[in-house]
Amino acid sequence: MESINYQNFRIDAENICVDYNGKVALYDANLRLKPGQICGLVGMNGAGKTTFFNALTGFVNISKGKIRINGESVRSAQKDQTIAYVPQNEGIDSQFPISVWDVVMMGRYGSMNIFRCPRESDVQAVKDAIERVDLTDHLSTPIGNLSGGQRKRTFLARAIAQRASILLLDEPFSGVDIRTEKLISELFIQFKNEGKTILLSTHDMIHVREFCDLVILINKTVVAYGETSEVFTPENITTTFGGISPDFLFGPES
Amino acid sequence: MELCSFLTLDSFITDPLTHNFMRKALLMSSLVAAVCGFLSSYLTLKGWALMGDAVSHSVMPGVVVAYALGLPFSLGAFIFGVGSVALIGFIKQKSRVKEDTVIGLVFTGFFALGIVLVSKIKSNIDLHSILFGSPLGISLSDVKQTIFISLLVVILLSIFRKDLMLYCFDPRHAKTVGINVFFLHYLLLTCLSLAAVVGLQSVGIILVVAMLITPGATAYLLTDKFDNMTVISVLSAIISSLIGIYVSFWFDLETGGSIVLAQTFIFLFAFLFAPRYGIFKLKKLFAEYK
Chain H
1 MESINYQNFR IDAENICVDY NGKVALYDAN LRLKPGQICG LVGMNGAGKT
51 TFFNALTGFV NISKGKIRIN GESVRSAQKD QTIAYVPQNE GIDSQFPISV
101 WDVVMMGRYG SMNIFRCPRE SDVQAVKDAI ERVDLTDHLS TPIGNLSGGQ
151 RKRTFLARAI AQRASILLLD EPFSGVDIRT EKLISELFIQ FKNEGKTILL
201 STHDMIHVRE FCDLVILINK TVVAYGETSE VFTPENITTT FGGISPDFLF
251 GPES
Chain U
1 MELCSFLTLD SFITDPLTHN FMRKALLMSS LVAAVCGFLS SYLTLKGWAL
51 MGDAVSHSVM PGVVVAYALG LPFSLGAFIF GVGSVALIGF IKQKSRVKED
101 TVIGLVFTGF FALGIVLVSK IKSNIDLHSI LFGSPLGISL SDVKQTIFIS
151 LLVVILLSIF RKDLMLYCFD PRHAKTVGIN VFFLHYLLLT CLSLAAVVGL
201 QSVGIILVVA MLITPGATAY LLTDKFDNMT VISVLSAIIS SLIGIYVSFW
251 FDLETGGSIV LAQTFIFLFA FLFAPRYGIF KLKKLFAEYK
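Residue numbers (full-length UniProt numbering), protein chains in the order written: chain H, 1 to 254; chain U, 1 to 290.
Extracted from the complex, chain U is given alone in its bound form (with noise of 0.2 angstroms):
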């Protein structure tokens, strides 16, 4: 890995496919983030970056729980996260501790048995690797769990499309015309745990909910229109994802991270440059100067 060898970008963009872990890590990658960036645009209209937060926090004492007993891992995930959010609404609806309280209350408790956890269950577990994600070294087992799970999560979104866009923009016209609210709000909670849960290999458990949230604020500050925001955000996933990983190769920097960044600099640019809600608002710009 000279550096000149970066000097064209051809090399630069070839040079990591030459290994397989890389490619696989690529192709992972995406397919996480375009999962992840399809919920995304639901849970940022949605208001439910925190609930995202505490969701993939609480999902660590699954993953240890199901290490340990050499059950696939997504299925302790996905229990725990679906149980975060269940104990979050039992909480909230019997007692007088505000909502925002309780969703931080909770997933700290259950991130903090999942560390207690790691440290007493003597296996072959890597904390770091599920604090900060691996993509680079991602069994096959994972890559089927992955694949499985991503599907799954694409499928259910894809049926459900309009219904959990109406869920999010009026629940009440939803529920009025007969449409089942409830289901809709567990469908979306069971897509964010999934999601949560394949989120984590990539960019691991801590930085997980910025794969849920950043793509779609993106896409927000970029469109007016539902399915071009769910577009935009699917892409903007992918790319940060692939540049992330990139990045990481070349500069040899921790893989999760350069991801996340990837997003936030992406959210960043929009912000400024966005053409209609950028803060220099580029349209205008340019009509000025016609």
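So that you can see chain H by itself, here it is in the shape it has in the complex (with noise of 0.2 angstroms):
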């Protein structure tokens, strides 16, 4: 293989492998991307979603493989605040009490001092995160008064006030109202045309269509990767879902 500039590459996964005590989460596993790049994570529950992110966010530590963040190790991408993961609706716990402001106040604890107190530049991070989301009138609303959509775009705001290069999305559309939906595809482009690079997984095969420049198919190990034109073909889909026929899927979505 010739030689290849790391640091052009946002993503690098190489066989990077997970178990849970010994029960395998994810093996043999490559994904590259670049700047720019929008990539959908499709596969079925358990085969590895979350387990995919939480190996680049470093929540869980890889048994085999490298992953190489901007060029650098997961660490140091950790203390660059160089990732953010939005959560799944049902990963938080909405009745936590908690406000709007101090969600998206969290994206900045990393760069802040022990006691975490925010700076005029944090105040002001956050204040543009959650205009940026649409959010204003709810500053200080605990967020188990926030409807799907509206903690979505918290925790999107999050991601935002973070300023991270790196996205993960879980589920991003999952639960969403029309509004939301709007706004976060706005957002994509936005931050595509920033040089961010997102990875997205979802269930929903129109949105991988929409919005991904490239797909990554997985179920245990990576089934197919590339331009979603390309990839994201019946064959592979149905081999992705484990024989389930992709009329099936796409019936009550299309």
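The set of hints was computed from the structure by calculation and includes no laboratory data. Hints are all accurate, no fakes.
Derived list of chain H stretches under chain U, where covered just means 3 residues or more per stretch with a C-beta under 8 angstroms from a C-beta of chain U: (1) 55 to 62; (2) 82 to 88; (3) 92 to 102; (4) 112 to 125.
Calculated lysine to any residue pairs in the SDA-like style (CA-CA distance at most 25 angstroms, straight line): (5) H:K127 <-> H:K182; (6) U:K225 <-> H:N89; (7) U:K225 <-> H:G110; (8) U:K283 <-> H:T141; (9) H:K64 <-> U:F182; (10) U:K225 <-> H:Q88; (11) U:K120 <-> U:F132; (12) H:K192 <-> H:N30.
We put the beta carbon where it would ideally sit given N, CA and C, even for glycine.
Two chains, two frames, a set of hints: combine them into the complex.
What follows is the structure in structure tokens.
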């Protein structure tokens, strides 16, 4: 293989494996993404989508392989606030006594001092981020009183406030209203223009075709990876979803 | 202590204060309650009630051994408290047994060991005061230890207040932005062990878990802001302690039990009448009458 300049890749995962107490969740997975690319991560429940995210953020350790983020280790990516993770709505405790402002401020924690005292610049970053997701009217609303879409936007604002260059989004379109969906898709275009790299998991095939330049199909390992138009074929999708016909998958959505 | 003497509220409050042991008990119990109440917000949000129960029971053999060896009892308690958590983690990881089962069997094992040790080690250990607390009979060296540990826990929680909140809320984000989640996990466990140690003097090993969860649960029903939750939790814990001690003084009741019962009643009150989350949703009712 010719020599590659690893700096060119935002995400460079090479043959990564993750196992939980001997149970393999992901093996020999590869992924390379450049600045400005949007990639869809598609697979069944339990296919290793969340595990893939966890490996990239360093939330779980990989047992084999190598991950480079902007040419550096995951550890230094954490220190540099390079990656932002936007959780699924189900992945967070919506009854936690915390306001929109405080959640978005958490995006700044990594670059604050040990007491996490917000500086003027942090306050500004939080304000701007909340404005971008159109939640300025809900600054002090507890997240428990938000709709699913508003809550999703809150966590998106946290990622914006963090000023991360890589965004990992777990099911960004599930359980959101039309307005939020429109806002998210507009933000995606902005992020792309800003050179951010986006990896999003989704169940919705329509969204993959609509937003993603690239798609990675996984089922414990990478089934197929490449340009959406080339990879997103009925055959590949059938393999990814364990033999279920794509007609069935596309049926209710199209 | 004649019945007519507490016909006036004034003497109800001031009479006990003439006793030295009562002043000490009120002060120390308030301090302990404040510490446990502070921690309580984190434990209830993290869902660590069972963990609190486990740690507080597991300190029993540590207390007994420390007394037998003439060491500070808090040291023994701390070692066994953290040890139990480490053992729980180890067994959970190395076996297929579910976590709540592991927690249950480890802490009962530790607790049983403590009881057996008490019966074997001939010393002046008062089993009753370990199990049920003895805020009225607290010794001077215990007072010093309690103040020291309480300050330590309050300082640690204050410094890492926001990080711990983030850890309870979204540990994945904490990890992603380079915050040491491993450290926060053990920090919270350490504070839990220390709080259990000071708490057991007030209400005893069996009931100390109430000090660690009830104030937080009460506060959770009353507010949607984390900072307010901490304040309400601490206040309700202190008020319960004061009520418990006064009531136990005047009616000659077990002090530890009275303190915990006071907490339970405050919780029930919040459960029924909390403005937004109570059964009777007072806020809504008032709005309808307007």
